[in-house]
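**Student:** Quick note, the sequences are listed as chains A and B, same order. Each residue of the first sequence is one higher than the one before, counting from 1 in the working numbering. Each residue of the second sequence is one higher than the one before, counting from 257 in the working numbering.
Simulated from the structure, these hints should not be mistaken for lab results. Cβ coordinates follow ideal geometry from the N, Cα and C atoms, glycine included. Treat the hints with care, as some may be off.
[Said to hold, decoys possible] Below, computed lysine-lysine pairings styled on DSS-like, alpha-carbon distance capped at 27 Å:
{"#": "1", "chain 1": "A", "residue 1": "Lys105", "chain 2": "B", "residue 2": "Lys469"}
{"#": "2", "chain 1": "B", "residue 1": "Lys469", "chain 2": "B", "residue 2": "Lys503"}
{"#": "3", "chain 1": "B", "residue 1": "Lys322", "chain 2": "A", "residue 2": "Lys166"}
{"#": "4", "chain 1": "B", "residue 1": "Lys322", "chain 2": "A", "residue 2": "Lys224"}
{"#": "5", "chain 1": "A", "residue 1": "Lys105", "chain 2": "B", "residue 2": "Lys546"}
{"#": "6", "chain 1": "A", "residue 1": "Lys105", "chain 2": "B", "residue 2": "Lys506"}
[Said to hold, decoys possible] Quick list of simulated restraints, FRET-style, between CB atoms:
{"#": "7", "chain 1": "B", "residue 1": "Gln419", "chain 2": "A", "residue 2": "Arg124", "range": "31 to 41 Å"}
{"#": "8", "chain 1": "A", "residue 1": "Asn214", "chain 2": "B", "residue 2": "Ser307", "range": "30 to 40 Å"}
{"#": "9", "chain 1": "B", "residue 1": "Lys559", "chain 2": "A", "residue 2": "Arg124", "range": "46 to 56 Å"}
{"#": "10", "chain 1": "A", "residue 1": "Pro102", "chain 2": "B", "residue 2": "His317", "range": "27 to 37 Å"}
{"#": "11", "chain 1": "B", "residue 1": "Lys469", "chain 2": "A", "residue 2": "Leu231", "range": "51 to 61 Å"}
{"#": "12", "chain 1": "B", "residue 1": "Met257", "chain 2": "A", "residue 2": "Lys161", "range": "30 to 40 Å"}
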Amino acid sequence: MSALTIAGKTFGSRLFTGTGKFSSNNLMEQALLNSGSELVTVALKRIDVRTDADDILSRLDHSQFSLLPNTSGVRTAEEAVFAAELAREALETNWIKLEVHPDPKYLLPDPIETLKAAEELVKRDFVVLPYVHADPVLCKRLEEVGTAAVMPLGSPIGSNKGLITKDFLQIIIEQAKVPVVVDAGIGAPSHAAWAMELGADAVLVNTAIAVADNPVTMGIAFKKAVEAGRLAYESELGMILKKADASSPLTTFLED
Amino acid sequence: MTFYNYISELNWNEVLDSIYLKTKVDVKVALAKEDCDLEDFKALISPAAESFLEEMAKKSHLRTQKRFGKTIQLYIPIYLSNECQNICTYCGFSMNVKIPRKTLTNDEIIREAEIIKQLGYDHILIVTGESNKTVGLEYFKNAIRLLKPYFSHIALEVQPLQQNEYSELISEGLNTVLVYQETYNEDNYSVHHPKGRKSNYQFRVETHDRLGKAGIHKMGLGVLIGLEDWRVDSAFNAMHLNYLERKYWKSKYSVSFPRLRPCAGASDLKSTISDSQLVQLICAYRLFNKELELSMSTRESAKFRDNIIKLGITSISADSKTDPGGYANPNENLEQFEIDDVRGTREFIKLINEQGYEAVFKDWDLSLQ
Numbered sequence: 001m002s003a004l005t006i007a008g009k010t011f012g013s014r015l016f017t018g019t020g021k022f023s024s025n026n027l028m029e030q031a032l033l034n035s036g037s038e039l040v041t042v043a044l045k046r047i048d049v050r051t052d053a054d055d056i057l058s059r060l061d062h063s064q065f066s067l068l069p070n071t072s073g074v075r076t077a078e079e080a081v082f083a084a085e086l087a088r089e090a091l092e093t094n095w096i097k098l099e100v101h102p103d104p105k106y107l108l109p110d111p112i113e114t115l116k117a118a119e120e121l122v123k124r125d126f127v128v129l130p131y132v133h134a135d136p137v138l139c140k141r142l143e144e145v146g147t148a149a150v151m152p153l154g155s156p157i158g159s160n161k162g163l164i165t166k167d168f169l170q171i172i173i174e175q176a177k178v179p180v181v182v183d184a185g186i187g188a189p190s191h192a193a194w195a196m197e198l199g200a201d202a203v204l205v206n207t208a209i210a211v212a213d214n215p216v217t218m219g220i221a222f223k224k225a226v227e228a229g230r231l232a233y234e235s236e237l238g239m240i241l242k243k244a245d246a247s248s249p250l251t252t253f254l255e256d
Numbered sequence: 257m258t259f260y261n262y263i264s265e266l267n268w269n270e271v272l273d274s275i276y277l278k279t280k281v282d283v284k285v286a287l288a289k290e291d292c293d294l295e296d297f298k299a300l301i302s303p304a305a306e307s308f309l310e311e312m313a314k315k316s317h318l319r320t321q322k323r324f325g326k327t328i329q330l331y332i333p334i335y336l337s338n339e340c341q342n343i344c345t346y347c348g349f350s351m352n353v354k355i356p357r358k359t360l361t362n363d364e365i366i367r368e369a370e371i372i373k374q375l376g377y378d379h380i381l382i383v384t385g386e387s388n389k390t391v392g393l394e395y396f397k398n399a400i401r402l403l404k405p406y407f408s409h410i411a412l413e414v415q416p417l418q419q420n421e422y423s424e425l426i427s428e429g430l431n432t433v434l435v436y437q438e439t440y441n442e443d444n445y446s447v448h449h450p451k452g453r454k455s456n457y458q459f460r461v462e463t464h465d466r467l468g469k470a471g472i473h474k475m476g477l478g479v480l481i482g483l484e485d486w487r488v489d490s491a492f493n494a495m496h497l498n499y500l501e502r503k504y505w506k507s508k509y510s511v512s513f514p515r516l517r518p519c520a521g522a523s524d525l526k527s528t529i530s531d532s533q534l535v536q537l538i539c540a541y542r543l544f545n546k547e548l549e550l551s552m553s554t555r556e557s558a559k560f561r562d563n564i565i566k567l568g569i570t571s572i573s574a575d576s577k578t579d580p581g582g583y584a585n586p587n588e589n590l591e592q593f594e595i596d597d598v599r600g601t602r603e604f605i606k607l608i609n610e611q612g613y614e615a616v617f618k619d620w621d622l623s624l625q
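Isolated chain A, as found in the complex (with noise of 0.2 Å):
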């Protein structure tokens, strides 16, 4: 399996994780662990900046992982840089999982929000990954600004659905320069090795993990599954005829 690379660094794990949900935080930092995930979102709002010894922090304190704070909670693009410069200062770090979402109910992010916010981010030399709707133009859109990746979303957040933006996502990953990193609704290994098959750089987990009855265990699934598609994708699949061919050729004639 080929490294990614995004923004100069390079991992040797396609699956992405976040850190919320868990039923502690000693079994997050085991989970995520034995995934082999090098990159962890955690969102701001959960940590404590104000004192040395936030127990998520301290638990991913790890040689393994690097930090993507994200920006969840925020609703504009004014308080996603507000809340992305309050992350870089605090978690040392210029990475950052942009996510603008106006609606609490389903925490749809919001493009336009999204966009000015990537715009602004990147001038102030972020490394801007943000979170989307599966929708290529905007992608393409982010791509322009400046983003380092682009993250469209399967299915809604915790929906664990799978990958109902499907096709959208086969055309954000045909047009994509940059990195694509499908991201909320993976609700099981097999939407990860299938969003990895489709060509998709990496794939973001979090609630399919957090939420198993052994997450350990479903984070070493979820590695292999999403290393299994990654090798699927660069062996080249062959074509899955979806039907028996046809009995009577169409252009023999051609030979007569």
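Given the coordinates of chain A, work out where chain B should sit on it, guided by the hints.
**Tutor:** Showing chain B alone in chain A's frame:
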């Protein structure tokens, strides 16, 4: 158009009939659905659903975990004043109840904040009675300014305010407002709120409209279980929620289930709800709305709270005092109501962990104003 206009079109008894006429078939249909509508909700809270409780609980458990994970948000109330100019027939702060009255000074507020902070809490709920001259907008603004350095998330449970007042408080850093309708039955509302500004039903039922227009991040609603038929009141509350979610889509919503507790001056209850019916109600809300926050206070017993964690509740208070200044100097005579679960924070967290859940103290940030 406000919610008052909306419910003015509804007939209480028709809603009541539509609930009590639900059958087991209606319940089965609701349970088979991925997304339940209002009629399904009515079926799930109806007597016909009582024999489906275990199935409802299992579904509620799974759906809650999917959305909220294996976590429970903790919060704690801070009572700032028990002065009140309303008469409410069920409340220990009611104007006609002879208890000592107290409103905290700046120093007292800070003293409470320091104690609460040491317990680990980061989400706080300000509670007062209604005394507009001494505990009005300026008092709340001042309190929020004092508390902001200590806490990431500030909620307010006080008298309904005007839209511009909410806007001012939001710009001071207020994140959430809880206003319970007590009962949606307008006639019965008048019986229980005979005197004071609270007797204005329309002003109260339109509060969430004003909050939505002011752009509040989160608002809580609920009924006080015991004043009216809990099923009908809950159906109205669910309609209110549906109405609000569509209209004020940028706000987040939470529902609580306060059952009347013994307190000074309380009158008889019209409607009681058993523990299993309360579980039914909580699960019905979860099946009706997967994203809704469901909240529970220390009004309930330790045993009930321990077991409800897995059934759909997403936020819970602990270690609470309902008397102003009670964290520094407990004084039972000043209480709004007796709490039932009196366990300390550490003990309760241990219990949450034993259930396989993480107790979350911080899930908001000062940067998110």
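**Student:** Next step is simple, just say for each hint if it's right about the structure.
**Tutor:** Status of the hints after comparison with the structure:
1. A:Lys105 - B:Lys469: Holds, at roughly 18 Å.
2. B:Lys469 - B:Lys503: Distance of about 9 Å is within 27 Å: holds.
3. B:Lys322 - A:Lys166: 22 Å, holds
4. B:Lys322 - A:Lys224: 23 Å, holds
5. A:Lys105 - B:Lys546: Roughly 9 Å separates the two Cα atoms, so the pair holds.
6. A:Lys105 - B:Lys506: Holds. Lysine 105 of chain A to lysine 506 of chain B sits at ~8 Å (cutoff 27 Å).
7. B:Gln419 - A:Arg124: 31 to 41 Å: 36 Å, holds
8. A:Asn214 - B:Ser307: 30 to 40 Å: 33 Å, holds
9. B:Lys559 - A:Arg124: 46 to 56 Å: 53 Å, holds
10. A:Pro102 - B:His317: 27 to 37 Å: Taking Cβ atoms as reference, proline 102 of chain A and histidine 317 of chain B lie about 30 Å apart, which means the hint holds.
11. B:Lys469 - A:Leu231: 51 to 61 Å: At roughly 55 Å between Cβ atoms, leucine 231 of chain A and lysine 469 of chain B fall inside 51 to 61 Å, so the hint holds.
12. B:Met257 - A:Lys161: 30 to 40 Å: Roughly 35 Å apart at Cβ, these two residues keep to the hinted range, so it holds.
Going through the hint list in order, the structure satisfies each hint without exception.
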